[in-house]
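A.B. asks: The lines below spell out each chain.
There are 2 protein chains.
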Amino acid sequence: MAKVADKYFKADEWKVIEEGFNPDYGEVSESIFSLGNEYLGARGYFDEGYSGSKLIGSYFNGIYEMTKPEYGHYKGIADFTEFMVNSVDWLYTRIEIDGEQLDLATSEFEDFVREIDMKTGILTRSFVWKTKSGKRLAVKFERFVSMTQVKRTTQKITIKPIGFSGEIYITSGLDFSQIHRNERKNLWDCKPGTIEKGEDIFMGIDGTTINTKLKVYSSCKVNAEYESLEEVNEEKIVAVKLKANLEDGKDYVLTKVTNNVTLRDDGDLAVYDKEVEAVKSETETACTLYDKLEKENIDWWKKVWDSSDITIANDPENQQGIRFCIFQMYQTYHGAVEGTNIGAKGLTGEAYNGNAFWDTETYCLPFFIFNNQEAARNLLYFRYKTLDEARKRAEVLDCKGAFYPIATISGRECCNLWQHASLQLQASTAVAYGVWFYEKMFDDKDFLKKYGLEMLIEISRMLATRGDFNREGKYGYYCVMGPDEFQMMVHNNSYTNYMAKFTLEYTLDKINEIKSEDPDAYKKVAEKVAFDESEMDTWKNIKDNMILLYDDKTKLFEQHDGFFKLPHLDVDSIPISDFPLYDNWSYDRIYRNDMIKQPDVLMFMLLFISKFSQEQLKANYEYYEPCCIHESSLSPSVHSILASQLKKDDEAYDFFGFATRLDLDNYNRNTNQGIHTTSIAAAWMNIVYGFGGLRSDGEKLSVAPSIPKNWGGYSFNISYKGVVIEIKVDKENVYIKTKGDGVVELNVYGKNVEINSEGYKCEVE
Amino acid sequence: MAKVADKYFKADEWKVIEEGFNPDYGEVSESIFSLGNEYLGARGYFDEGYSGSKLIGSYFNGIYEMTKPEYGHYKGIADFTEFMVNSVDWLYTRIEIDGEQLDLATSEFEDFVREIDMKTGILTRSFVWKTKSGKRLAVKFERFVSMTQVKRTTQKITIKPIGFSGEIYITSGLDFSQIHRNERKNLWDCKPGTIEKGEDIFMGIDGTTINTKLKVYSSCKVNAEYESLEEVNEEKIVAVKLKANLEDGKDYVLTKVTNNVTLRDDGDLAVYDKEVEAVKSETETACTLYDKLEKENIDWWKKVWDSSDITIANDPENQQGIRFCIFQMYQTYHGAVEGTNIGAKGLTGEAYNGNAFWDTETYCLPFFIFNNQEAARNLLYFRYKTLDEARKRAEVLDCKGAFYPIATISGRECCNLWQHASLQLQASTAVAYGVWFYEKMFDDKDFLKKYGLEMLIEISRMLATRGDFNREGKYGYYCVMGPDEFQMMVHNNSYTNYMAKFTLEYTLDKINEIKSEDPDAYKKVAEKVAFDESEMDTWKNIKDNMILLYDDKTKLFEQHDGFFKLPHLDVDSIPISDFPLYDNWSYDRIYRNDMIKQPDVLMFMLLFISKFSQEQLKANYEYYEPCCIHESSLSPSVHSILASQLKKDDEAYDFFGFATRLDLDNYNRNTNQGIHTTSIAAAWMNIVYGFGGLRSDGEKLSVAPSIPKNWGGYSFNISYKGVVIEIKVDKENVYIKTKGDGVVELNVYGKNVEINSEGYKCEVE
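Protein chains in written order, with full-length UniProt numbering: chain A, 1 to 765; chain B, 1 to 765.
Warning: the hint list may mix true and false statements.
Heads up, the list lumps identical chains together, so a pair's fine if it works in one copy or across two of them.
[To be verified] Below are the BS3-like pairs computed for lysine-lysine, each with C-alpha atoms no more than 25 Å apart in a straight line:
#	residue 1	residue 2
1	Lys400	Lys449
2	Lys68	Lys185
3	Lys647	Lys10
4	Lys565	Lys540
Rather than coming from a laboratory, the hints here were simulated on the basis of the structure. Computed from a predicted model, the values in this text were never measured in an experiment.
When you get a sec, could you build the whole thing from the sequences and use the hints?
C.D. replies: Given below as structure tokens:
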């Protein structure tokens, strides 16, 4: 791997710390210090404004805008896109002394420290401001987003004059005027804001997106002492400018709590209006609320760490890295907001438009399956909620059934690169995989009957019409793009064919099972989708004749028809300056050789790892790993897990380092655009499946831990059958116990073991 | 072939006649009755305006506009396009009597006849207008575009009142206000027009394109009697409204001659300005000019038909069809305007944006080679003139040398579908083919040394960097699209590899030849392009190791790696309502089977037909013809020629019918968008190469005529070595003679024969 770390943040087991501010890393830090609670997210931008390079990004899950196509195009090519739209800056602040506005791009300052405490979710930033007029002030900003009352966010500003007393002007408010970067324009219509002065200053402003007509009503209560107040009248902004007196050596504190009500496309305007009215008449004060929310947050995060922490001894960088991953996963999604999904960058930036991909089921779902059943179920429910859109998409692609979008917010296909949107079937097969995984782990037949079976039937219908029989009567998929996006328009991609076969088999199984066990439930679904049982014969024929390019002699799956005949490219010969290739290589050049972007054959082998022999895994790993350029951030973790399985411990560890610290060390040089949220989920898998050796696709849940040689030990937890299991590994031993009273069966190094709170111990193999 | 004729025009050997006007065919007729002289072209729209469906289209070769890209994109993807822009309506006329404006969409009329006389190039339209006030007038419009003074166009309007005398209002002028249909807006900035009243009324108006800043100065002289004159003041229009008196039974005549000066991107503003000034001081009157130009035109066309006519006995429809083709070829291009090319629709419509494709060298060049050397040379010179753009294009595609655009006006790549622009190498190899063909026929070493060699070297450099060696050391092209655009991103397309090998071989030959015969000329080129002779070793290695997917047992070339393994689609099973497939099928569905759009393997076999045995031709024809859906209008002629070669006479004749009457019978249902100009060239090839059995790729020029069974006879002429040869074929015999004094050697049915003006006769074999 040609990629190297770009170290900037200080290593700490529980915190991410930036000591001193380097403007070159400004937007990287904004991404790293993003806060989110699934409902909303905001980048770690400077509250007080900043004239340097920045992205003042504030986002709400499900609040999106769309581009309008100018002209129609070929059938099946999406000619619009949806994107999570940059919304209200609820941290909007300006600070002025002696006519100088605080701006870290132009003001003089020292002792800059910014840190996020992952134990509590509180972000702080402090520095000493040295004004041009010669004054010194200790300035501190705190903020957090509430994990318990997700519409609420907070801000506290503390200013202490050092060696003087005097006037200060502080502007505080809500700002809808930000530019959405990708579109280069602001996308909000706003009513004029309202300001009411009481014990707190109350401000509220109502914004509506221009094209999609979704809404955000943002309001805040500001508590601060002031001498006089001036209303700020700017378009799309509601704010007050306070004149206050600072007293030497004494903290001046401004406390702000906001409440953000949204109207999503599945929302009800009357409910929204009512909620907005309720907000206006709330009586709790900013300071009371702040303290209460802070306490709730600390408790909330404590519970998270109690059940989901991963510890690593003797490796503070990876310890920090993995905790950062877990922290970001919970910030992005924990099942609080039904019907939403996980954008590729979470709520931390505008790259990938806030769209959700097949990453959700393939990379994120395991984390939630083993940490939060409700969240896992809600993620799958998103696919059911958007099944009608997938049906429409199948129709426009001349298929039957349902074709899930490769990128989406609303359920519609938002990817307007047809070569991805029309050729990638993995979003659809990933839904089937997700249903299978969820059912396997939770045996939730209710979900299956209500939602799962209907999705499976529709996906199978698509799979039975998108492919074709060749002249020998074998079935395959032509003109597809597998997970490896560097092989664009190929035939019989092994991943696609394998997953299609799996989907058809699983669907047939579940139809038969539900039909026999609960005929009424079956009948209901069958009638709803006008299911004709002869379809099952077709599916059986297809799956039985599915082309799988496997050679028993070499044990190799060929990635697609003709892959082995492609010119070979030595990926190590590519100069670092050529990355990212999409930016530096002629578009078509990327596709003309056997370089692969991310695991493809290795991907389905990982998803169903128990089905493959060590010999098969080894042959394919050794063939494909050297072809892989890891241009997808999802790639290294998969390789790490497989390397662990193959006892290639050094490789496993090297790939792992990339995974946990991908963003902290900006390996891909694009953390400025936002956190690689779905890769973060892969990092979690990397430890649990890789070093922990967790296997969830076989008959029994199993673990087979190994330990990297420079670790003193590590531990992780998984929730399984309602019980939290703690697995600790040190140099010699594995210790497994349940937290609480539960008892579960686990297969440890191939041996079935009953685990209880007393614990089980064995040697590391 | 699923395509069927839509008969509308009356068959006539020298004319195309429309009797009665059916508005449903309005735009088809506009295309069919287009006039052009290479410098400019105008659709056959109604002079007097028309409120029904229409495309008032007036175009100038080389006067184009471009779209501005909104955002950048991947490297190598053209994010703008250039298009021949709809320009001044120099026929602008309005006619009014008793407050009723003549408008064939709303006015009552009878005896409508429109016809183009291909002998003279004069378009006439006449009808009797029955006004709402009860009057009857015989109205006749005539127009032609001058073939000798290409900036000039003419119009004559004759109006005869039947049974009354009275007032009439005629508006006449020049109108730059038309909308460019594809862009949905007008793209001209105009200065206010000028009007001068003298013996004629002189009007002039200067237009500049908004983005490209190209210019057209259009002026006219109008001669007509009038009682009073009113200047028309509308934006981008200069016109006069004349009030005149009609006298019962007497012709009222308006004569208009326009002069259109253009400033192209290779033009000089000072020259343009001077020319515009000169136009203003011209003294010849409209009527004098009209008569003179008319006479010149009749003479000009007579010469064309003397040297280029094709006659067919007993088949008036094909006789009309082939003359229409020849007529359109000469209208579109005859080498008058250096540095221009042939748009896919000529100058008759806006489809394909007026862009030129590889059709120029592959389909059009043979017509000019055998009819007009100067035109052939000028077409090739266009590629030299744009060589620098092709170099830039190669660079952006990460290749060395020159990569010719798949669609262009200025030489820049204008196709913003990357899958065509980046994957199709045939524009480049077609240039090499064109140079080879031209050299072979004319032995023009001067052209070769000045232009040809430099292009060949640069194309060869591209070919040596765009492809790659596979693991077995064989060379091929990966991720290409061959001529068959229904197989998109394939490896080792046989056409691409074959043509690349040919190009490299031919380039090596020519380098060696010129180096030995004219070392100075060689040195000049070599220095200019910094040629390193070691490149020749590389090219030799590449050509010697070029992958050609040929199986000597079956005699089949596989169209590309894996083509034979694709699912088979029975093209006859596609319902007619599915055509055109691009409009009705999901984009990717087109590519998932073995259907081909147009000849690919058969194409290179045709270009080098003498290199293949009858057995090889038969095997490949019989394999690929049934796969072909002929979605390209260029396809049937190729199949017809090969069918002739294989003595499949019925097939040859069936494909031929489609070719000559493609537009007259609107086979593809899109003649409304313009004439299929390059297909028209293919129709010419179809007779001469198909039935005439002309072969120009072997050692000697040869003919081997056959005759379709329902023809009484046919004849065609070819210019060869400066001599016009007439070849007449009847049921029994072939008669060949030179026109004039020349003597040439020809191979007839395999026998070398000397042809002189006395003639040679033999039996049809």
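A.B. asks: If a hint holds in the structure, say so; if it does not, say that too.
C.D. replies: Taking the hints in turn, this is what the structure says about them:
Within a single copy, Lys400 and Lys449 get their C-alpha atoms as close as 21 Å, which meets the 25 Å cut-off; across copies the closest is 60 Å, which misses it. When the C-alpha separation of Lys68 and Lys185 is checked against a cutoff of 25 Å, the pair qualifies both within a copy, at 14 Å, and between copies, at 19 Å. When the C-alpha separation of Lys647 and Lys10 is checked against a cutoff of 25 Å, the pair qualifies neither within a copy, at 32 Å, nor between copies, at 82 Å. In this assembly of identical chains, the alpha carbons of Lys565 and Lys540 lie at most 25 Å apart only when taken from different copies (22 Å versus 32 Å within one copy).
Comparing the model with each earlier hint shows a violation of hint 3 alone; every other hint is respected.
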